[in-house]
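Undergrad: Residues per chain are reported as follows:
Protein chains: 2
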Amino acid sequence: MVIRWGICSAGKISHDFTVALKTLPAENHQVLAVAARDLKRAQEFAQKHSIPRAYGCYEDLAKDPEIDVVYVGTIHPHHLSHGVLFMNAQKNVLCEKPLAMNLREVQELIASAQNNHVFLMEAVWTRFFPVSLEIGRLLSQGEVGELKLARADFGVPLTHVPRAVEKELGGGALLDIGIYCLQFVLMVFNGERPESIQATGVCLDTGVDEAMVITLKFSGHRLAVCTCTISAELPNEAVIVGTKGTIKVPAHMWCPTSLLVNGVETQYPVPEPTLPLNFINSTGMCYEAEEVRRCLLAGLKQSSRMSHADSALLAEIMDEARRQVGVVYSQDSQ
Amino acid sequence: MVIRWGICSAGKISHDFTVALKTLPAENHQVLAVAARDLKRAQEFAQKHSIPRAYGCYEDLAKDPEIDVVYVGTIHPHHLSHGVLFMNAQKNVLCEKPLAMNLREVQELIASAQNNHVFLMEAVWTRFFPVSLEIGRLLSQGEVGELKLARADFGVPLTHVPRAVEKELGGGALLDIGIYCLQFVLMVFNGERPESIQATGVCLDTGVDEAMVITLKFSGHRLAVCTCTISAELPNEAVIVGTKGTIKVPAHMWCPTSLLVNGVETQYPVPEPTLPLNFINSTGMCYEAEEVRRCLLAGLKQSSRMSHADSALLAEIMDEARRQVGVVYSQDSQ
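Heads up: the sequence lines are chains A and B, in that order.
Just so it is clear: in the first sequence, position 72 is 72 by this note's numbering, and no numbers are missing.
Just so it is clear: in the second sequence, position 308 is 308 by this note's numbering, and no numbers are missing.
Simulated from the structure, these hints should not be mistaken for lab results.
Just to be clear, a hint being listed does not mean it is correct.
Ranges of calculated distance between the beta carbons of each label pair, as one might list FRET restraints [what the hints assert, rightly or not]:
no. : chain 1 : residue 1 : chain 2 : residue 2 : range
1   : A       : V264      : B       : M1        : 44 to 54 Å
2   : B       : R104      : A       : Q267      : 31 to 41 Å
3   : B       : G191      : A       : A298      : 52 to 62 Å
4   : A       : D205      : B       : S196      : 16 to 26 Å
5   : A       : G136      : B       : E143      : 50 to 60 Å
6   : A       : T274      : B       : E143      : 38 to 48 Å
7   : B       : K167      : A       : L277      : 53 to 63 Å
8   : A       : T274      : B       : P273      : 52 to 62 Å
9   : B       : E265      : A       : P269      : 18 to 28 Å
10  : A       : E272      : B       : G191      : 24 to 34 Å
11  : B       : I280      : A       : P271      : 41 to 51 Å
None of these values were measured; they are calculated from a predicted model.
Glycine included, C-beta positions come from ideal geometry on N, C-alpha and C.
Construct all of the structure, not just a fragment, from the sequences and the given hints.
TA: Okay, here's the thing in structure tokens:
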């Protein structure tokens with residue numbers, strides 16, 4: 001059965017997501033419509049990707065009765081309003097990460113999904129990569145012994161990119177890229193709530209975080225360290241250390257195509273794109289799209305691999321880290 | 001001119017240090033005497049290493065008028081008393097790390113060195129490796145641009161080793177091995193005092209730290225992360241990230257024999273040992289021994305590469321990290 005997608009926003013990430021969908025069987029996934037605030041941009045996007053319908057406002061996409069699920073690819077300050085718009089129109093929603101600006105907004109989105117009986121998932125695409133599934137298998141089977149420490153870092157120079165540095169655009173290292181480190185750690189620790197959260201960071205003149213280090217303590221003497229920065233290129237690796245071995249996710253840990261288990265590497269290539277991509281390995285978004293389809297066909301309202309509780313915990317930790325470092329968005333005072 | 005060494009304690013590290021000295025020209029370094037609490041052990045050690053004199057107590061070594069400098073290889077709870085013993089006897093001292101149990105003890109040792117007009121250095125051997133000198137050159141010449149972040153980790157399973165876990169023996173991950181991460185970071189940041197120190201850790205039932213993560217913030221929006229554990233094997237690497245590139249010290253970062261600058265690796269092998277070693281790359285202790293000789297011949301009372309101030313700052317940061325994690329030694333209440 002085909003899942004009919006609507007794409008909300010005609011930006012770079014929406015382009016890549018649409019290319020990723022094209023790597024999947026056409027009988028399973030169809031992109032039926034795209035919406036942008038500017039009709040011309042929507043039409044150009046539709047033409048480039050052979051999408052039947054183009055809308056000049058998101059409300060029209062919400063009203064389209066043949067859309068099963070909307071991919072929300074706008075910047076995160078808009079996620080709450082756009083997510084609610086589509087869910088109130090009984091659309092299922094796959095929303096880019098971060099799901100919203102803070103825990104309060106995330107809870108509003110979750111409440112909207114529950115009230116409207118629709119599916120909602122934060123597009124933490126990394127979790128659905130074959131590498132992530134293999135990590136889950138290795139950990140559950142105790143392949144590296146008792147889990148002791150997880151570490152992830154994500155740093156790329158982005159201070160020239162307005163959406164990464166301007167506060168009103170939701171800028172800041174943590175929400176943009178640090179979230180990948182946190183979600184990795186929470187995946188490794190099975191969504192467990194950490195016993196303590198410590199964050200050290202430095203801020204740009206715009207008031208958003210340029211870099212942050214977050215240390216989490218989990219039950220059973222287990223630690224995690226996340227490092228993110230938008231002012232330099234980090235190794236961009238992730239490491240899981242157990243009493244009997246080490247799992248390493250080489251760069252780029254947020255879209256991994258290889259895995260080292262005690263030094264032995266296995267490759268997990270992503271599908272080849274049919275159009276040039278804006279970001280690295282973006283066709284790997286096909287894995288999360290497949291998860292959405294699986295959930296919708298099963299009548300599920302959330303994915304167990306990236307549940308509402310997972311999104312809420314992510315937001316809660318990011319709120320606390322921002323509080324410690326002193327990063328405040330206008331949404332925090334509402 | 002030959003430097004005549006006395007070796008205080010006949011343990012594993014003293015063995016390795018003596019083997020390291022043997023890799024240097026005999027006309028520059030002579031091991032004249034060894035002392036242990038047990039004369040028989042001292043005599044066995046002397047025989048194994050062809051050392052002319054063996055003493056059954058440290059006081060006799062202190063009284064030997066022909067000793068220029070004493071290597072103190074006892075466990076750290078004894079460093080203060082042994083260091084003071086030798087310095088009061090007008091001996092120069094190279095003392096194993098950590099220099100003492102806390103800042104107060106370190107300050108007592110420094111005061112003793114100053115009052116006795118003798119040389120004192122904490123045996124942070126890593127700082128004198130060719131890799132460390134090359135890192136200093138690269139940073140001072142801006143080879144990786146503006147420094148942004150440094151990270152180091154050191155983790156090895158040591159919970160079966162009494163001196164690593166028993167509080168009265170000075171056990172705990174930070175003082176035993178975490179100090180290598182901290183000293184690396186402080187070397188990279190030129191001995192600058194961090195603006196903030198955050199530590200998260202977990203403790204063994206013995207009350208010492210099993211693992212710790214320490215995050216430091218330095219001037220100019222620069223961060224550092226140190227991770228240590230005695231319950232698992234970490235990658236044991238160090239990374240320096242600048243705006244224009246990355247320097248990586250592969251395992252084992254505390255005794256490094258290779259360096260990657262923007263992915264290009266250079267090897268810096270340590271000398272071959274003439275006897276089997278207890279620890280990895282221990283012949284690399286020859287570099288610190290050469291520094292001691294250089295300083296003594298120049299009439300210096302401390303080394304600029306591992307100064308008294310460097311030792312005091314290391315101790316101060318470790319005190320603060322232990323305070324945050326709740327690791328208290330009996331020496332802390334004196």
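Undergrad: Compare the structure with each hint and give your call.
TA: Quick rundown of the hints versus the structure:
Taking the beta carbon of each, V264(A) and M1(B) are about 53 Å apart, inside 44 to 54 Å as hinted. Distance hint check for R104(B) and Q267(A): the Cβ-Cβ separation is about 54 Å, which falls outside the suggested range of 31 to 41 Å. At roughly 60 Å, the beta carbons of G191(B) and A298(A) sit within the given window of 52 to 62 Å. Checked against the hint of 16 to 26 Å, the C-beta distance between D205(A) and S196(B) comes to roughly 20 Å, which is consistent with it.
At about 40 Å, the beta-carbon gap between G136(A) and E143(B) misses the expected band of 50 to 60 Å. About 41 Å separates the C-beta atoms of T274(A) and E143(B), a value consistent with the hinted range of 38 to 48 Å. Taking the beta carbon of each, K167(B) and L277(A) are about 55 Å apart, inside 53 to 63 Å as hinted. For T274(A) and P273(B), the hinted distance range of 52 to 62 Å is satisfied, since their beta carbons lie about 59 Å from each other.
Under the hint 18 to 28 Å, the C-beta atoms of E265(B) and P269(A), about 26 Å apart, fit the expected range. As the Cβ distance of E272(A) to G191(B) is approximately 51 Å, the hint placing it in 24 to 34 Å is violated. For I280(B) and P271(A), the hinted distance range of 41 to 51 Å is satisfied, since their beta carbons lie about 44 Å from each other.
In this structure, the hints that do not hold are numbers 2, 5 and 10, in rising order.
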